[in-house]
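Undergrad: Here's the letter readout for the chains.
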Amino acid sequence: VTQLVDVAQEAQQQVQLQVVGHTDRTGSVEENLKLAQGRAEYVLVALRARGLADINMTIVRAGWRQTGQGEMTEEDRASNRRVSLRVILTDSSAEKG
Amino acid sequence: VGPEAIQLEHLQERVDTFQVGPEEVSAVLAEAVHLRTNRDKQLTNALLPTVETALQVSVARNPRILVDILFPLLGPSIRKAITVALRGMIEALNRGLEISLSLRGLQWRLEAVRTGKAFAEVVLLHTLRYQVEQVLLIHKETGLLLQHVVAEAVPVQDGAMVSGMLTAIQDFMHDSFGGEEGESLATVEYGDRTLWIEQGPYAILAGVVRNVPPRELQTVFQEAVESIHFEMHEALRTFQGDAEPFEAIRPHLEACLQQQFEAETQQRSSWGVWCLSGALLLGLGWWGVTQYRAQQRWTACLQSMRSQPGTVVFAAEKQRGGYQVSGLLDPLAPDPLTVPAVARLCTDMTIHSQWQTYYALHPTFVAARARQMLAPPDTVTLRLENHGILQATGEAPYAWTLETRRLVRLIPGVTQLDIAHLTIPDHPETVLARARATLAPPDTVALRLEDGALVVSGVAPHVWITTARQQALTLAGVQRWREEQLTDSTLKALQTLKAQIEAYAIHFSKGTIQPEDNQEATLMKMA
Numbered sequence: 001v002t003q004l005v006d007v008a009q010e011a012q013q014q015v016q017l018q019v020v021g022h023t024d025r026t027g028s029v030e031e032n033l034k035l036a037q038g039r040a041e042y043v044l045v046a047l048r049a050r051g052l053a054d055i056n057m058t059i060v061r062a063g064w065r066q067t068g069q070g071e072m073t074e075e076d077r078a079s080n081r082r083v084s085l086r087v088i089l090t091d092s093s094a095e096k097g
Numbered sequence: 098v099g100p101e102a103i104q105l106e107h108l109q110e111r112v113d114t115f116q117v118g119p120e121e122v123s124a125v126l127a128e129a130v131h132l133r134t135n136r137d138k139q140l141t142n143a144l145l146p147t148v149e150t151a152l153q154v155s156v157a158r159n160p161r162i163l164v165d166i167l168f169p170l171l172g173p174s175i176r177k178a179i180t181v182a183l184r185g186m187i188e189a190l191n192r193g194l195e196i197s198l199s200l201r202g203l204q205w206r207l208e209a210v211r212t213g214k215a216f217a218e219v220v221l222l223h224t225l226r227y228q229v230e231q232v233l234l235i236h237k238e239t240g241l242l243l244q245h246v247v248a249e250a251v252p253v254q255d256g257a258m259v260s261g262m263l264t265a266i267q268d269f270m271h272d273s274f275g276g277e278e279g280e281s282l283a284t285v286e287y288g289d290r291t292l293w294i295e296q297g298p299y300a301i302l303a304g305v306v307r308n309v310p311p312r313e314l315q316t317v318f319q320e321a322v323e324s325i326h327f328e329m330h331e332a333l334r335t336f337q338g339d340a341e342p343f344e345a346i347r348p349h350l351e352a353c354l355q356q357q358f359e360a361e362t363q364q365r366s367s368w369g370v371w372c373l374s375g376a377l378l379l380g381l382g383w384w385g386v387t388q389y390r391a392q393q394r395w396t397a398c399l400q401s402m403r404s405q406p407g408t409v410v411f412a413a414e415k416q417r418g419g420y421q422v423s424g425l426l427d428p429l430a431p432d433p434l435t436v437p438a439v440a441r442l443c444t445d446m447t448i449h450s451q452w453q454t455y456y457a458l459h460p461t462f463v464a465a466r467a468r469q470m471l472a473p474p475d476t477v478t479l480r481l482e483n484h485g486i487l488q489a490t491g492e493a494p495y496a497w498t499l500e501t502r503r504l505v506r507l508i509p510g511v512t513q514l515d516i517a518h519l520t521i522p523d524h525p526e527t528v529l530a531r532a533r534a535t536l537a538p539p540d541t542v543a544l545r546l547e548d549g550a551l552v553v554s555g556v557a558p559h560v561w562i563t564t565a566r567q568q569a570l571t572l573a574g575v576q577r578w579r580e581e582q583l584t585d586s587t588l589k590a591l592q593t594l595k596a597q598i599e600a601y602a603i604h605f606s607k608g609t610i611q612p613e614d615n616q617e618a619t620l621m622k623m624a
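Chains E and L supply the protein sequences, listed in that same order. Residue 59 in the working numbering is what sits at position 59 of the first sequence, and the numbering runs on without skipping anything. Count along the second sequence from 1, then add 97; that gives the number in the working numbering.
Honestly, the hints are just simulated from the structure, not real lab data. All values derive from a computational prediction rather than experimental measurement. Hints may contain errors.
Interface residues of chain E toward chain L, partial, derived using beta-carbon atoms under 10 Å [what the hints assert, rightly or not]:
1. GLN12
2. GLU31
3. LEU33
4. GLY38
5. TYR42
6. ALA49
7. ILE59
8. ALA78
9. ARG81
10. SER93
As a list, the in silico SDA-like pairs of lysine to any residue whose alpha-carbon atoms are at most 20 Å apart [as the list claims (entries may be wrong)]:
11. L:LYS607 x E:GLY27
12. L:LYS607 x E:TRP64
13. L:LYS622 x E:ALA49
14. L:LYS214 x L:GLN204
15. L:LYS622 x E:ILE88
16. L:LYS589 x E:VAL5
17. L:LYS622 x E:LEU52
18. L:LYS607 x E:ASP76
19. E:LYS34 x L:GLU613
20. L:LYS607 x E:GLU74
21. L:LYS415 x L:LEU379
22. L:LYS607 x E:GLN37
23. L:LYS607 x E:ARG77
24. L:LYS622 x E:VAL5
Between beta-carbon pairs, the in silico distance windows are [as the list claims (entries may be wrong)]:
25. E:SER93 x L:GLU599: 22 to 28 Å
26. L:ALA530 x E:GLN3: 35 to 41 Å
27. E:GLN3 x L:ALA517: 37 to 43 Å
28. E:THR2 x L:THR564: 24 to 30 Å
29. L:ALA550 x E:ILE88: 31 to 37 Å
From the three backbone atoms N, C-alpha and C, an ideal C-beta is built for every residue, glycine too.
All chains, full assembly: derive it from the sequences and hints.
TA: This is the structure in structure tokens:
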């Protein structure tokens, strides 16, 4: 992300990171949303702790709705229990204009 | 008495045997002819038929003899005849001119108009001293007309009627007033005419004379009567009504048709003629001078028109009330009649002009036409050099030079375009060189110029692209910026990093917010 920010700056782009929390399909929706929220907050804090304090980051609770694949096996469920980053680039020169 | 008797006998014999022989006649012939010729013309008249016959016979036999005789006389005779004829013609001309041009002539013309008479008759009345208008030869015994001649321009009357009336008048006078044998009427006057009567033994010669005849005319009439009686004695004596033989004596009557005019007062006529001639000459002179000056002015006017550049006059003629000029006129040339120098020479003239358009090759018009068609910018100067080379100097847009190259072929009189000394700031090569120097593109970038657009292709950092995009439009000759297969290497790298980051995932244990083991490395890569 640090490298991305540098390149984005060179390309006159603003970087926003969305920290997206995912869960498996077990449990209720509310529980999963809380769980996704908690997991995303964890990563966000961890990234800030690792030098990304000035990066605009937001948390997105995706829960099980945005899981990438079906849960046929335990491995599938383990894969869905994750936090990923979504990079949003916006043209800073256009905003200025 | 013996000898005397012998002499008397000889004399008696000579008288008894007297004959006039040729020898006797030849001894006295010359003297006799001389004496009779001096006395009267009877001998001449008697010899005339014989001489005429002899001449006729001579001519018929050998005309050369008479030709040789007459030859020395023919030349002078012809010359004299021509001289007389010319003199008569000149006199007639002079008389006509004098009468026509003199004040008196005008008065006579008015009189002719007023009285309804012919002008010739009026002139005759005023200038005629006398004229024998007609002559009649009348047989005395029978009163018949033998011959009748009438002067020219005199109305012909019936001669037989006149002779009859005259005979009747004579008889009346003789019967009324008597008189001795041989007395007869001599003259009869009526108005301005006098009837002259000359008596002969067998015939009367009567002449109608206008105005008062001179006494010499009587001698002419007497000689005519004598000659007629001599020649026609037998015919007159034995006249039985056939007047044809008297045709031969017609010349005697014609000799009596005499006339005489008053001598014109030289001074008066000359004065009138001179005055009128002078006035006529003055008028002619004034007219001639006026015409000459008008012609001179027209020539100068025409010359000035012809000297105007861009004007070709190929027809100029004088028409009623003015002049007609036609020719060719360059569209850039003014109508020559509006040019002050021409208008000054052509003032007070009515000139109708008809011009057809043509393109003059005069350098002035070629250069002007080039400026009109090429519309050069203010920074360009056009000059026409020798041989039709159009030279452009200064600074001009590249587009103008392209258009000029195309149009210059259409300009009459221009053979070539010279732009060697013309600065073209937006020439593609110049513009590209300037763009490369200013924009400093990386080696991976290619530049070219198309229709004023700077076309950029290749791979370049985002910073260069954005900077060059703005700077290029400030370059002379670059109107637009166009990217063609241009890759922004910075954005490409950014997308790559984005994809890498979004591919990372931190996995968590089931039902917790604690990451699984070994997630720290991933977390570090993410950051």
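Undergrad: Which numbered conditions among the earlier hints are violated in the structure presented, ordered from lowest to highest?
TA: Of the numbered hints given earlier, those the structure breaks are 3, 7, 21, 27, listed in rising order.
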